[in-house]
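Same order as they appear, the protein sequences are chains D and E. In this text, residue positions in the first sequence follow the working numbering: the first is 1481, and each later residue adds one. In this text, residue positions in the second sequence follow the working numbering: the first is 374, and each later residue adds one.
Because the hints were derived from the structure by calculation, they are not lab data. The structure displayed is predicted, hence computed values, not measured ones. Mixed in with the good hints, there may be bad ones.
[To be verified] Label-pair ranges, simulated between beta-carbon atoms:
{"#": "1", "chain 1": "E", "residue 1": "453", "chain 2": "D", "residue 2": "1514", "range": "39 to 49 Å"}
{"#": "2", "chain 1": "D", "residue 1": "1623", "chain 2": "E", "residue 2": "443", "range": "25 to 35 Å"}
{"#": "3", "chain 1": "D", "residue 1": "1536", "chain 2": "E", "residue 2": "476", "range": "16 to 26 Å"}
{"#": "4", "chain 1": "D", "residue 1": "1631", "chain 2": "E", "residue 2": "389", "range": "17 to 27 Å"}
{"#": "5", "chain 1": "D", "residue 1": "1522", "chain 2": "E", "residue 2": "418", "range": "20 to 30 Å"}
{"#": "6", "chain 1": "D", "residue 1": "1598", "chain 2": "E", "residue 2": "389", "range": "50 to 60 Å"}
{"#": "7", "chain 1": "E", "residue 1": "429", "chain 2": "D", "residue 2": "1631", "range": "18 to 28 Å"}
{"#": "8", "chain 1": "D", "residue 1": "1631", "chain 2": "E", "residue 2": "472", "range": "30 to 40 Å"}
{"#": "9", "chain 1": "D", "residue 1": "1504", "chain 2": "E", "residue 2": "415", "range": "23 to 33 Å"}
{"#": "10", "chain 1": "E", "residue 1": "469", "chain 2": "D", "residue 2": "1638", "range": "17 to 27 Å"}
[Stated by the list, open to error] Straight-line distance between alpha carbons at most 20 Å, and here's what the computed DMTMM-like set of lysine to aspartate or glutamate pairs gives:
{"#": "11", "chain 1": "E", "residue 1": "446", "chain 2": "D", "residue 2": "1506"}
{"#": "12", "chain 1": "E", "residue 1": "449", "chain 2": "D", "residue 2": "1513"}
{"#": "13", "chain 1": "D", "residue 1": "1614", "chain 2": "D", "residue 2": "1636"}
{"#": "14", "chain 1": "D", "residue 1": "1614", "chain 2": "D", "residue 2": "1582"}
{"#": "15", "chain 1": "E", "residue 1": "442", "chain 2": "D", "residue 2": "1613"}
{"#": "16", "chain 1": "E", "residue 1": "442", "chain 2": "D", "residue 2": "1509"}
{"#": "17", "chain 1": "D", "residue 1": "1612", "chain 2": "D", "residue 2": "1657"}
{"#": "18", "chain 1": "E", "residue 1": "442", "chain 2": "D", "residue 2": "1513"}
{"#": "19", "chain 1": "E", "residue 1": "446", "chain 2": "D", "residue 2": "1509"}
{"#": "20", "chain 1": "D", "residue 1": "1642", "chain 2": "E", "residue 2": "469"}
{"#": "21", "chain 1": "D", "residue 1": "1646", "chain 2": "D", "residue 2": "1636"}
{"#": "22", "chain 1": "E", "residue 1": "446", "chain 2": "D", "residue 2": "1513"}
[What the hints assert, rightly or not] Sample of chain D residues with no beta-carbon within 12 Å of chain E, all distances over it, derived:
{"#": "23", "residue": "1503"}
{"#": "24", "residue": "1536"}
{"#": "25", "residue": "1565"}
{"#": "26", "residue": "1569"}
{"#": "27", "residue": "1623"}
{"#": "28", "residue": "1668"}
{"#": "29", "residue": "1678"}
{"#": "30", "residue": "1706"}
{"#": "31", "residue": "1713"}
Cβ atoms here follow ideal geometry from the backbone N, Cα and C, with glycine treated the same way.
For reference, the chains in residue letters:
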Amino acid sequence: MSDSTALAHAEHGHEEHPSYLRHHFENVEQQADAAGFAMWLFLLTEVMFFGGLFTAYLIYRNWYYPAFVQASHQLDIFWGTLNTAVLITSSFTMAMGVWCAETRRRSGLVFCLILTFILGIGFLGIKTIEYKEKIDKHHVPGFHYSLQSFTNPQSDPEIYEKYHDKPLALDMARHTEVYFSLYFVMTGMHALHMIIGIAILGFMIFRARGGAYTNGHVTFVENFGLYWHFVDIVWIFLFPLLYLISRHQ
Amino acid sequence: MTDQKEMEEASHHVVSPVIYIIVGSILLVLTGVTVWASYQEWGNFNAVAALAIAVVKAMIVVLFFMHVKYSSKLTKLTVFCGLFTFLALVGMTLADYFTRAWGRW
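Pulled out of the complex, with its shape left as it was, chain E reads as follows (with noise of 0.2 Å):
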């Protein structure tokens, strides 16, 4: 029993409260700083910052929260082939739209 509870603590990673607080933290701060940034006259660049700072937050969120960054080659391979996937569908489907009546008028 106790090789087992040995092996089982050994195997999981536990993810101290410190980086959970300063993650939550973060996460807070960037909700504040892309409400500021939308305030910006920046033109096309606002749409650009708002994403890029919620593709950070996410990244943050999958990193710390999800436990990705402690976790088996397994669980990071899987999350990268689906990210992959996805953003391999929904940028050609994007490209298809958005480029379909090009030289047509």
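If we strip away everything but chain D, and leave its shape as in the complex, we get (with noise of 0.2 Å):
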């Protein structure tokens, strides 16, 4: 610390402390203690907003059971749990990112990040082969959407031959688009909250590079650590509400 700031903190009766401290905490601890209470507030509105399309889901499902049974038929179980295992091992690569930031390892740090950059990416490239597969299928809502894999199931005979489903009625076939609208929806807010960290992420490694965040001051990694572990949360009550659970009804 140079000369000139010393003897400004002296004035205002200070002692030396570390450059990232702001002034208008008493301590490291204090700051560090502030910035994660106010992430974890962050993040109980995100709970909040997750929960609505939940208990959306939850009463749709109720009320057109039926349709939403065969719709969640044509989920494919081995991407979902691909996907499920990538991105519980890039919350563990996080992990070990904020450990190797708390202990002062730039390469590493840098090494975790990337790892973590990399499995996010690879995420949503699975979430891309998915979306893909129900715009072929015209299982998109609203765009020239089919129902004759629900009316006709043996016209889907991928499906037909795992689950052979019965015929579902027109009116009731009709409910399977608010299924696939609950589906894009919060799988498409998932994924949008997954592409805003990799954005952080990019932004993290290139910071982390110059020896950002192994100096002390980790707060920044460790929150968006929370923020990454979140998101992992939300895919696992996804996984299980849009692909497993109606498998034998």
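Please dock the two separately framed chains into a single complex, following the hints provided.
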């Protein structure tokens, strides 16, 4: 610390302190606590946001049960499981990144952030494969939506072989469009959170290469970790609700 | 400066990589378990099992990856209050919708 800044600090009654300690905080601990608290408040608003979508999904599933069961048979459990594994692994690499920052390992941090970045892109890639299949089958609500797989399940042999679904009456089959609306909104909002996260990861990789976050000031990486794990948790609930719970009905 | 550094290290609990490896492995195993469970014929219990496993996974993520187990009481209270409010809102909404038609048929 240069003489002039030391003098400036002495003037308003400070001891020397790390350059990243803002002056309205007593000490580093208080600053980190305040940032962590604020991050949790933000995440709770996110919980409420996704909670509304989950609630809507449960209510509509209860109302249009046969349509939701058959529509969810269209999702591929293999891709869903693989994506869950990819996302959990990315949470693990992110947690390791936070540890590297805390223990001041610059190259370790950069490596972990890059791995998290790649796994995040991988997740979106797999999601794209799934979305493309829905587009090809005209299962996107509002865009030439096709009821054929539901009013005549045998016309969709790949799915029919697995589930042997009975044809739905037209008025119930129409409600599969509600399932796919919720499917696209929920996974789409989740994917949007991933895209934002990946963009911030890119920024952090750039900064971490220059030595940021490994100088004792880990708040940014730590709170980004909270965000990334939250996005993981949303998927942990989306996966069973959308892919798994209607297999036998 | 050294005092500050010591304070900072003392106040900040660093979770060891061993715990992250164990937690990450448990989460992957539970993912396998939930997929396996979905292939069983348990009737309504399939949904219950899938959600129960998801809740366990989410709790593990919150406690260890998100460090809540090692956080201040303020953080623990914040997380708990948030989840309680969330469950109260969702619970009351679902209770309303699922019972609205009772006695009307």
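Given the hint that residue 449/E pairs with residue 1513/D, does the C-alpha gap stay at or below 20 Å?
Holds, because 12 Å separates the two Cα atoms, which is no more than 20 Å.
Taking the Cβ atom of residue 1536/D and the Cβ atom of residue 476/E, is their distance within the range 16 to 26 Å?
With Cβ atoms ~25 Å apart, the hint holds.
Does the Cβ pair residue 1623/D, residue 443/E satisfy 25 to 35 Å?
violated (48 Å)
Against the 20 Å threshold, does the CA-CA distance of residue 1642/D and residue 469/E hold or violate the hint?
Not satisfied, since the Cα-Cα distance of roughly 36 Å exceeds 20 Å.
Are the Cα atoms of residue 1612/D and residue 1657/D separated by 20 Å or less?
The given pair, whose Cα atoms are some 17 Å apart, holds under the 20 Å limit.
Residue 442/E and residue 1513/D: Cα distance at most 20 Å?
Since the Cα atoms of residue 442/E and residue 1513/D sit roughly 15 Å apart, the hinted pair holds (cutoff 20 Å).
Assessment of proposed distance window 20 to 30 Å (beta carbons of residue 1522/D, residue 418/E):
violated (36 Å)
Report holds if the minimum CB distance from residue 1678/D to chain E is greater than 12 Å, and violated otherwise.
holds (18 Å)
When you check the alpha-carbon spacing of residue 1614/D and residue 1582/D, does it fall within 20 Å?
violated (43 Å)
Would you say the C-beta atoms of residue 1504/D and residue 415/E sit inside 23 to 33 Å of each other?
violated (56 Å)
Compare the distance between the alpha carbons of residue 1614/D and residue 1636/D with 20 Å, and conclude whether the hinted pair is satisfied.
Roughly 13 Å between the alpha carbons, so the hint for residue 1614/D and residue 1636/D holds.
Against chain E, does residue 1569/D keep a CB gap of more than 12 Å to every residue?
Residue 1569/D not clear of chain E: closest Cβ-Cβ about 7 Å, inside 12 Å.
The earlier numbered hints that this structure contradicts are 1, 2, 4, 5, 6, 7, 9, 10, 14, 15, 20, 24, 25, 26, 30 and 31.
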